[in-house]
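Undergrad: So the protein lines, in turn, are chains F and A. Going by my numbering, the first sequence wraps up at 506, each residue one higher than the last. Going by my numbering, the second sequence wraps up at 1506, each residue one higher than the last.
Note that these hints are calculated values from the structure, not bench results. Please note that the accuracy of each hint is not assured.
So the derived list for chain F, only partly shown, Cβ under 7 Å to chain A, looks like this [what the hints assert, rightly or not]: (1) Ser22; (2) Lys41; (3) Gly42; (4) Lys223; (5) Asn246; (6) Asp249.
Glycine included, every Cβ here is placed at the ideal spot set by N, Cα and C.
Number of protein chains: 2
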Amino acid sequence: MSKPGFEQKLTDFKEYLKKMKSYEEAIGLLYWDMRTGAPKKGIATRSEVVGMLSGEYFALSVSEQMGEMLEYFKEPDTYAQLSRTDRTIVDECKKEYDRSKKIPQKLHQEYVVLTSQAESVWEEAKEASDYKMFQPYLEKIVATNLEFIKLWGYEGHKYNTLLDMYEPGMTVSKLDQVFGALREKVVPLLAAIQQSNHKPTTGFLQQTFEKEKQKQFSLFILKQMGYDFEAGRLDETVHPFATGLNPGDVRITTRYLLDDVNSALFGTIHEGGHALYEQNISPKLIGTPLCTGTSMGIHESQSRFWENMIGRSRPFWRRYFGDLQQNYPGQFASVSVEDYYRATNEVKPSLIRIEADELTYNLHIMVRYEIEKALFSESVSVADLPEVWNEKYKEYLGVVPNNDGEGVLQDVHWAGGSFGYFPSYALGNMYAAQIGRTLRKELPDFDQLIEEGKLLPIKDWLTDKIYQYGKELSPNEIILQVTGEELNPDYLVDYLTEKYSDIYKL
Amino acid sequence: MSKPGFEQKLTDFKEYLKKMKSYEEAIGLLYWDMRTGAPKKGIATRSEVVGMLSGEYFALSVSEQMGEMLEYFKEPDTYAQLSRTDRTIVDECKKEYDRSKKIPQKLHQEYVVLTSQAESVWEEAKEASDYKMFQPYLEKIVATNLEFIKLWGYEGHKYNTLLDMYEPGMTVSKLDQVFGALREKVVPLLAAIQQSNHKPTTGFLQQTFEKEKQKQFSLFILKQMGYDFEAGRLDETVHPFATGLNPGDVRITTRYLLDDVNSALFGTIHEGGHALYEQNISPKLIGTPLCTGTSMGIHESQSRFWENMIGRSRPFWRRYFGDLQQNYPGQFASVSVEDYYRATNEVKPSLIRIEADELTYNLHIMVRYEIEKALFSESVSVADLPEVWNEKYKEYLGVVPNNDGEGVLQDVHWAGGSFGYFPSYALGNMYAAQIGRTLRKELPDFDQLIEEGKLLPIKDWLTDKIYQYGKELSPNEIILQVTGEELNPDYLVDYLTEKYSDIYKL
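The whole structure should be built from the sequences, with the hints applied where relevant.
TA: Encoded structure:
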């Protein structure tokens, strides 16, 4: 039997969470605006607005009232009365509450200032290829994260605590296993590809492509994917991103390079994959902390599934290459579908992660993973990172940066303190391959559907299996429920081996 | 000698006000976004976000803490220690505090719901020309405003309390005087114009003008005016507006009509005038409630000064007509500057306020003023408005609407409860002429400057005299300080008489 007041307390709790979510949405829009075209002279004041709203959000997340509500709903007899979804909500809030409560406010504020300064120093340092300039900031950021880990506690490896922030439940031992298995197969596959005599021709990609036409084609493909333009919009930014303000407003951005027809296109499909996830979360989760993707890895699995496993597939180009030819009259007149398909899948070890192909991308991630792991087991010092970076690149990819700008300084993540984030990208590839395997079983005419431009049944399947749940299920629950087994790197290995053996005639 | 804690209390008070201003800025951006392109499926959730933030803002404005702070700073010995600007801030907050405190929360909430419903009913009613549909809502809105006036109190005329919200210090007796004097001269001037044999030729305006070219020309003129694109941007909306989020971010919008070359252009200059005001408020006022225009009338004086007294002036077209011709190759090849100038100043009594020319516009406002005054002296009932409207249009402008859609239902203001707002538009014209008179004395080569495209010294003069002060000075203080006398309608009469006697060769 309900204790008196249970219903009322639950209503109040949900109102409280809705208020928090409203703050998040406002902050999300302010960020979107700052990136898409807010006038620069207004940024200083705008940043204070963001700071104020973030402060209010944080205060709500750790308030005495929140503490009392969580205590109440965590009591076994009240917890038992909650629906499954409501329990997940309570658990999610408790996790955030405990994490935030353990950090002294002063330390948190200093860290916010530190990372904000570090991001602008990093920008300068990258431009100047001057690691020494950035090093003291990175040292402080790593040290502060070690302090956080001490306060939060950890099991097994200190780095686990950071991994868990982006991929709940992920650990070093699991990653060592899956990355190890992956690397073991990817490295020889790469070697074989490099020795192949059947390399794709790519010369026809070296042309100039009008921005307006690139935009038109990107919009066309987004529509084909089932991206809902009444619940989103496409804008232009230097760094493409997707942001889900609420399921009815999920915006994406892209960047048009005049000398690269594929950059904006695959970038748009990638962000479009993220957006499909957010647009199709069940409306019943709106206003709750579960109204978002369940983890960075699962999110990335969706962007990569759409970008690589659909967008860079042969049936996709069998269907859409004609449209591409029409979109750029004369520019691909003498190119065959097959040539275009192979060219978009060229494998080439390179220095820059965000320009990497589908295969070597995973190696870029492993380098970063190894370095982060070493930083948080304190077996490598921040001062040594450039050297370690270059060694690992040579070892994993066979290439060595000419300077730190194209080496250790290339990514913003560490300047922002996002340690534990990088593995999500490779996890995304593994999840995507594993989910794709089940999808092919359940929709056996998968290739046929793509070749006929029927992408909506695929979107609907993913909505049914993944998107609708938002954060109701953990990443592990999702992958278990959808594929019947835990994360398994073999599916990615199989997928890559099959795809590239065919393209490179291995 | 300072009481202990004075400095700290002042610092806290200012932090508190900055927080309120940050809420205002966030809300402003959310509105801008909803109007400029937020996806429609996100609007329902977005409205709740706006509602939450507005609620927080309101709570801060009437909180116990605010009450205590105001009580402290209003004590004669603390008040005496405040700078002049800080006193104005305290007075401004006290005014808002008292006004909000006097309205029971329930009544306020009901009114918010009522006006929000009324706005959508109005839209439908206007479309269908069905006043009866809208009437019950308007009746309730007027009744609620009468209740507000009872709670707020009033001096002289009940309507004064409403006028004061948009034009602090403005009264019915003052408006009766200035509008009376204006009407006495405008009506015979209009009659003479209508009888003139020297009417402008306007046939060449009936062409189609590419949207992109219209946009380019609008941007060009904004730059000439000194609108700072690093502190603003131009977007497209159905109803043009300007919004000052902070002086570094003042955005304007316009609407392009393909068959009207002047609509977007003068609309942009108008909103650009509002924006110059907000962009040039002194940075020292950022984060305070004084960081905005001092009143609707003074604000409107700036939009109208730039639109009409500069944009529709002969020297302006002597300078920019060549650019216009180049912008639309061939379309104005056989048109002379003088013909273009005269065409943009055609006077023609019409039914729709927002399409009215510079002269008859004032009569549209007087009709609305007379009606609002009568509503709040309860000498006319809401049911009679269509009839009263049509009679007044016949009397003031000599035209009668065919239906209520182009008559009493044409404006959104009353649906939103904005009684007392309309007079600002005509006050703006009067202020603009009066300020313009002083400006011509202090920059005797005013016409010459415009003819040479040197608009920046004009902007600088206005910044020095008006813009920088924001709300530090009241409208009356501004007009006194700039022109040496109180609002005087004669300057507008002189300006209009001179301008139109010349154009129509009276």
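Undergrad: Decide, hint by hint, whether the structure agrees.
TA: Comparing the hints with the structure gives:
| no. | hint | verdict |
| --- | --- | --- |
| 1 | Ser22 | holds, 4 Å |
| 2 | Lys41 | holds, 3 Å |
| 3 | Gly42 | holds, 3 Å |
| 4 | Lys223 | violated, 14 Å |
| 5 | Asn246 | holds, 4 Å |
| 6 | Asp249 | holds, 3 Å |
Hint compliance for this structure: hint 4 is the single one not met.
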